[in-house]
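S.K.: If you read the sequences in order, they're chains A and B. Position 108, counted from 1, in the first sequence is what our numbering calls 108; the numbers after and before it change by one each time, with no gaps. Position 90, counted from 1, in the second sequence is what our numbering calls 201; the numbers after and before it change by one each time, with no gaps.
Since the hints were derived computationally from the structure, they do not count as laboratory data. Treat the numbers as computed from the prediction; the structure is a model and nothing was measured. Treat the hints with care, since some could be wrong.
Okay, the calculated beta carbon distance ranges per label pair [unchecked claim]:
| hint | chain 1 | residue 1 | chain 2 | residue 2 | range |
| --- | --- | --- | --- | --- | --- |
| 1 | A | Ser8 | B | Glu197 | 25 to 33 Å |
| 2 | A | Lys54 | B | Gly127 | 16 to 24 Å |
| 3 | B | Gly151 | A | Val78 | 26 to 34 Å |
| 4 | B | Tyr211 | A | Arg61 | 17 to 25 Å |
| 5 | B | Lys118 | A | Val78 | 16 to 24 Å |
So these bits of chain A aren't anywhere near chain B, every CB distance computed over 10 Å [unchecked claim]:
| hint | residue |
| --- | --- |
| 6 | Ser8 |
| 7 | Leu34 |
| 8 | Glu42 |
| 9 | Ser49 |
| 10 | Lys56 |
| 11 | Asn67 |
| 12 | Pro79 |
| 13 | Gln81 |
| 14 | Gly102 |
| 15 | Gln103 |
Note that the Cβ used here is the ideal one computed from N, Cα and C, for glycine as well.
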Amino acid sequence: DQQVKQNSPSLSVQEGRISILNCDYTNSMFDYFLWYKKYPAEGPTFLISISSIKDKNEDGRFTVFLNKSAKHLSLHIVPSQPGDSAVYFCAAKEGAQKLVFGQGTRLTINP
Amino acid sequence: SAVISQKPSRDICQRGTSLTIQCQVDSQVTMMFWYRQQPGQSLTLIATANQGSEATYESGFVIDKFPISRPNLTFSTLTVSNMSPEDSSIYLCSVVLAGYYNEQFFGPGTRLTVL
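Taking the hints into account, I'd like the entire structure generated from these sequences.
M.R.: Listed below in C-alpha cells is the structure:
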C-alpha cells in the first residue's frame, strides 16, 4: 500500500524553464509534506516543506503547492539550472509519525 | 545546520558476515532514524534509534538482523548481520535536530555491497 506516489520516474527540462514535479498521497491524516533532493553517492538534502494548513510555500527558486482536496502536491523550480539535476523525493508525515517517501523522480536539466 | 557523518562511506562484504555502520552528529538531536534505500527504490525506514533503550523497528525489520544502539543523543550504530546479497543497499541515518519538529536531515549514507 503506497501512501505517497510519484508517478513520473523521470523528467527532462530545458535550462531556464520551469520544472514541475508531482506527488500524490492517499492518507488524509498527513499534515506535513517535504521535498528532498538526492545526488548520487550522497544522502537526501532537505529542500522545502509545507504544512497542511497552507497551500503554498516559497523559498527562492523553489515553490511547493498543496491541494488537499486532490491529495496532491507539486514542486516548482524556476528557473531550472543544471545543478538541479538530481532525484527528487516527496515525503509526508502525520503528527509525530514517521516520514513516508515516494519513489522519487529523476530530474534532468538540459543545457 | 549540522554535520552528520557516517562511517564507513562504502564497503564490500562477504555473505554471512556482519557490518556495523556508525552515525555521528555535531549538534543537539532529538530523534535518530535508520533508513535503507535498495537499488532503484525509495527510502524505507528500518527503525527509530532510542537513546539508552531498544530501537523501535518497522514492520519487516527485526532486531536480530539489524541491531541498533544509541548510547548517547548524538551517536548511533546500525549492524547488518549475517549478510546476503539482498542486503546490498544504501543505509542512511537521519536526525531531527533540536529546535525542529518535522524536518529530518540525512547523513551521506553507507553504500553496502554483499557478494
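S.K.: Each hint needs a verdict: does it hold in this structure or not?
M.R.: Right, here's what the structure says about each hint:
In this structure, A:Ser8 and B:Glu197 meet the distance hint of 25 to 33 Å, their C-beta atoms being roughly 28 Å apart. Against the hinted window of 16 to 24 Å, the Cβ-Cβ separation of A:Lys54 and B:Gly127 comes to about 51 Å, which falls outside the hint. Taking 26 to 34 Å as the suggested C-beta distance range, the pair B:Gly151 and A:Val78 conforms, at roughly 29 Å. As the Cβ distance of B:Tyr211 to A:Arg61 is approximately 23 Å, the hint placing it in 17 to 25 Å holds.
Restraint check, B:Lys118 to A:Val78: a C-beta distance of roughly 38 Å breaks the suggested window 16 to 24 Å. Every C-beta of chain B lies more than 10 Å from that of A:Ser8, the closest at about 14 Å, which supports listing it as non-interface. Not every beta carbon of chain B lies more than 10 Å from that of A:Leu34, the smallest distance being close to 6 Å; the non-interface claim is violated. Residue placement check: A:Glu42 does not keep its beta carbon more than 10 Å from all beta carbons of chain B (closest about 6 Å).
At roughly 6 Å from the closest C-beta of chain B, the C-beta of A:Ser49 falls inside 10 Å, breaking its exclusion from the interface. Its beta-carbon lying about 17 Å from the closest one in chain B, A:Lys56 satisfies the requirement of being farther than 10 Å from that chain. Interface exclusion of A:Asn67 from chain B stands, the closest Cβ pair being 20 Å apart, more than 10 Å. Non-interface call for A:Pro79 relative to chain B: holds, since the shortest CB-CB distance, roughly 25 Å, exceeds 10 Å.
Residue-level check passed: A:Gln81 sits 22 Å from the nearest beta carbon of chain B, beyond 10 Å. Distance check on A:Gly102: its Cβ comes as close as 6 Å (rounded) to a Cβ of chain B, failing to clear the 10 Å threshold; non-interface status is violated. Listed as a non-interface residue, A:Gln103 fails to keep its Cβ farther than 10 Å from every Cβ of chain B; the least gap is roughly 5 Å.
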